[in-house]
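Chemist: Sequence:
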Amino acid sequence: MNTRILLVEDDERLAELTAEYLTKNDLQVSVEPRGDVAEARILAEQPDLVILDVMLPGKDGFEVCRAVRSQYRGVILMLTARDEDFDQILGLEMGADDYIAKPVQPRVLLARIKALLRRLPTPGDTPAGEADKMVFGQFRISQATRTATLAGQSIDLTTAEFDLLWLLATHAGNVLSRDDLLQELRGIGFDGLDRSIDARISRLRKKLNDDPENPTRIKTVRGKGYLFSKHDWN
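In this note's numbering, the protein residues as written are 222 to 455.
Read the hints as simulated data drawn from the structure, not as lab findings.
Nothing here was measured: the structure is a model prediction, and the numbers come from that model.
Incorrect hints may have been included.
[Unchecked claim] Straight-line Cα separation of at most 20 Å, EDC-like style, residue types lysine to aspartate or glutamate; simulated pairs:
1) Lys440 with Asp453
2) Lys428 with Glu314
3) Lys354 with Asp377
4) Lys335 with Glu241
5) Lys335 with Asp247
6) Lys445 with Glu405
7) Lys440 with Asp400
8) Lys451 with Asp353
9) Lys280 with Asp353
10) Lys323 with Asp453
11) Lys323 with Asp231
12) Lys280 with Asp257
13) Lys445 with Glu434
14) Lys427 with Asp453
15) Lys280 with Asp232
16) Lys335 with Asp269
17) Lys335 with Glu434
18) Lys280 with Asp231
19) Lys245 with Asp269
20) Lys440 with Asp401
21) Lys323 with Glu405
22) Lys323 with Asp377
23) Lys354 with Asp453
24) Lys354 with Glu382
25) Lys323 with Glu241
[Claimed, not checked] Cβ-Cβ distance ranges computed for the label pairs, FRET-style:
26) Thr224 with Gln292: 28 to 34 Å
27) Val325 with Ser291: 25 to 31 Å
28) Ala332 with Val356: 33 to 39 Å
29) Arg340 with Thr437: 24 to 30 Å
30) Asp281 with Glu233: 25 to 31 Å
31) Gln249 with Arg416: 30 to 36 Å
32) Pro324 with Thr391: 21 to 27 Å
33) Ala302 with Gln249: 23 to 29 Å
34) Ala393 with Asp232: 31 to 37 Å
Cβ coordinates follow ideal geometry from the N, Cα and C atoms, glycine included.
Produce the complete structure using the sequences and hints provided.
Modeler: Below you can see the structure in the form of structure tokens.
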């Protein structure tokens, strides 16, 4: 059990059952009921993945996510209230990699965790070859090292943001619909309501110095989806 998970949940019984299920599936799980304590633990312990509830004593999940994101390189999976689009979008804007609505079936949670963990680089990853790198003007991105730079400056990206950016860049010049992106990144289709892709695109534009009112680097093609420009990177 090498994969370390910190479950931040103040419902003692739910946390116990969830931790027990995940442990039986070869995951090493620690539980923390308080948001303010969880913040310090995330930074000190650097777990591979954090399951972060929204409603917590001490400090809510949004505050915790925002506070640790710049110094924590692992995955943050937020637990949000069912059908609360605001919670889901806010969590993504704070830097969460994904969200899942409560109540959630343990097997569904496990599947989502495994999907997120597969995106993490491993110590055995080989150095990047030419196929693992792309260059567009002053923008460079490497899949093997999961890094991106713009004009020589490193871009701070969450796991989910990197995955989305890499996917867009590999299809530069082509429009990808929300359904395309969700199918590739999360294995689900677009239901007409999910705003996770939109929220991540908004964050990426800010980090890429793209004009939010008139974006040229990640363009919105009305009624179709998003297009990563091959140009406009100088």
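Chemist: Next step is simple, just say for each hint if it's right about the structure.
Modeler: How the hints compare with the structure:
The straight-line distance between the Cα atoms of Lys440 and Asp453 is roughly 11 Å, inside the 20 Å bound, and the hint therefore holds. For a cut-off of 20 Å, the pair hint linking Lys428 to Glu314 stands: about 12 Å separates their Cα positions. Restraint check for Lys354 and Asp377: the C-alpha separation of about 17 Å stays at or below 20 Å, so the hint holds. For the hint linking Lys335 to Glu241, the alpha-carbon distance of about 16 Å falls within 20 Å, and the restraint holds.
Using a Cα cut-off of 20 Å, the hinted pair Lys335 and Asp247 holds, with the two alpha carbons roughly 11 Å apart. Distance restraint check for Lys445 and Glu405: the Cα-Cα separation of roughly 16 Å lies within the 20 Å cut-off, and the hinted pair is therefore satisfied. This hinted pair checks out: Lys440 and Asp400 have alpha carbons roughly 16 Å apart, not beyond 20 Å. As the CA atoms of Lys451 and Asp353 are separated by approximately 17 Å, the hinted pair is consistent with the 20 Å bound.
A hinted pair counts as satisfied when its Cα atoms are at most 20 Å apart, and Lys280 with Asp353 does not qualify at roughly 40 Å. Straight-line distance between C-alpha atoms of Lys323 and Asp453 comes to about 42 Å, which puts the hinted pair past the 20 Å bound. Note on Lys323 and Asp231: the hinted pairing holds, with a Cα-Cα distance of about 14 Å set against a maximum of 20 Å. Taking the CA atoms of Lys280 and Asp257, the gap is about 5 Å. The hint holds against a cut of 20 Å.
The suggested pairing of Lys445 with Glu434 holds, with an alpha-carbon distance near 18 Å, which does not exceed 20 Å. For the hint linking Lys427 to Asp453, the alpha-carbon distance of about 15 Å falls within 20 Å, and the restraint holds. Taking the CA atoms of Lys280 and Asp232, the gap is near 15 Å; set against the 20 Å cutoff, the hint holds. Restraint check: the Cα-Cα separation between Lys335 and Asp269 comes to about 11 Å, which is no more than 20 Å; the hinted pair holds.
The straight-line distance between the Cα atoms of Lys335 and Glu434 is roughly 37 Å, outside the 20 Å bound, and the hint therefore fails. Straight-line distance between C-alpha atoms of Lys280 and Asp231 comes to about 11 Å, which keeps the hinted pair within the 20 Å bound. Between Lys245 and Asp269 the alpha-carbon distance is near 17 Å, which keeps this suggested pair within the 20 Å criterion. As the CA atoms of Lys440 and Asp401 are separated by approximately 16 Å, the hinted pair is consistent with the 20 Å bound.
Taking the CA atoms of Lys323 and Glu405, the gap is about 23 Å. The hint is violated against a cut of 20 Å. Restraint check for Lys323 and Asp377: the C-alpha separation of about 29 Å exceeds 20 Å, so the hint is violated. With a C-alpha separation of about 18 Å, the suggested pair Lys354 and Asp453 falls inside the 20 Å cut-off, and the hint holds. A C-alpha spacing of about 17 Å is found between Lys354 and Glu382, which places the hinted pair at or below 20 Å, so the restraint holds.
Of the supplied pair hints, the one linking Lys323 and Glu241 holds, its CA atoms being roughly 18 Å apart against a limit of 20 Å. The beta-carbon spacing between Thr224 and Gln292, approximately 20 Å, falls outside the hinted interval of 28 to 34 Å. For the hinted restraint 25 to 31 Å between Val325 and Ser291, the CB-CB distance of approximately 28 Å keeps it satisfied. The given range of 33 to 39 Å is respected by Ala332 and Val356, whose C-beta atoms sit roughly 35 Å from each other.
Checked against the hint of 24 to 30 Å, the pair Arg340 and Thr437 passes, with Cβ atoms roughly 28 Å apart. The beta-carbon spacing between Asp281 and Glu233, approximately 18 Å, falls outside the hinted interval of 25 to 31 Å. The given range of 30 to 36 Å is respected by Gln249 and Arg416, whose C-beta atoms sit roughly 33 Å from each other. Between Pro324 and Thr391 the Cβ separation comes to about 36 Å, which falls outside the hinted range of 21 to 27 Å.
The beta-carbon spacing between Ala302 and Gln249, approximately 28 Å, falls within the hinted interval of 23 to 29 Å. In this structure the supplied range 31 to 37 Å is violated for Ala393 paired with Asp232, their Cβ-Cβ distance being about 45 Å.
The structure shown violates the earlier hints numbered 9, 10, 17, 21, 22, 26, 30, 32, 34.
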